[in-house]
Amino acid sequence: MPNDALQDSLAEKRWLTALAEGDPSALGGIYELYGERIFRYTFRMLGNRTDAEDATAETFLRVVRRSAELRADGAFRTWLFRIARNLCIDKLRQHKLMELPPDAQYSGAEERTTLRVTVHQALNDLPLEYREPLIYCDLEEMSAKEAADILKISVPALKSRLYRGRRALRDKLGSAMERTP
Amino acid sequence: MNNELYKKLVDLYAGRELPSELDAEMEAAAAEDLVLGREMHTLRSAVDLLHNDAGPEYTEESYQRILMKLYARGAAIQPKAPSPLHLQYHLPIQG
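Protein chains in written order, with my numbering: chain F, 1 to 181; chain G, 182 to 276.
So that you can see chain F by itself, here it is in the shape it has in the complex:
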């Protein structure tokens, strides 16, 4: 295990034990460890900052409420992402009803920014069934096993969705990809 990952794993164990013991500082520690990843994930799922911030906060509140279910055995991250995913799916259902447009804040050179917006729009246009494996495996760089665990499907089913999702994204991007800097 790389050193950073080992440190994170030890810190995770320490904070989860503290949370189980009712230590009030534990949530802050867990938020420090996972806040950024959960925010990025929820932003990618929801497409806008305000909803991503709400979903991130709600995810950590649920961690506290469900702390009795916690196990410091390496499955915490899967459990955490599952909570965030359920919240995102609820919000996406609300968006579908209200037709809220996604927003995005990008920085960088104009051509690169245009490409990123194009990629994100193409990704948002994909059915959730394809989008999720791309977010977990290609953007969040999780293993196929971890992504499959979050989605509660088998690894072969995950890979099948991932490969079909990549093709669907490629087809949506079309000519934009040929202008890749």
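Everything hinted at is true.
If you want the footprint, here are the derived chain F segments under chain G, 3+ residues with CB under 8 Å:
1. 13-27
2. 30-37
3. 41-53
4. 131-145
5. 165-174
Below 30 Å or equal to it, Euclidean Cα-Cα: the simulated DSBU-like pairs (lysine-lysine) are:
6. G/K189 <-> F/K145
7. G/K189 <-> F/K159
8. F/K172 <-> G/K188
9. G/K250 <-> F/K91
10. G/K188 <-> F/K159
11. F/K145 <-> G/K188
Because the hints were derived from the structure by calculation, they are not lab data.
Ideal Cβ positions, reconstructed from N, Cα and C, are used throughout, including at glycine.
Given chain F, put chain G in place with the hints provided.
Relative to chain F, chain G alone:
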């Protein structure tokens, strides 16, 4: 190796999951078969675009707003970093 097998390996090629020898073998096959080559390279470009995506920016403001939402909902959590000046509440100066 025949092209039918190469076509089955395109997904692994795109995700850079093949050993380097097989990767090179597919590149050579792609040079002979333009349809296969286009499929391989466009798919790999799409995957590379995702892998190189830096993601949404996690700003100090977002970090603080999430903490405030947690605090407002009763979580035992306090901002650990000082708030940036522009997020601090300014009292009017008394004369």
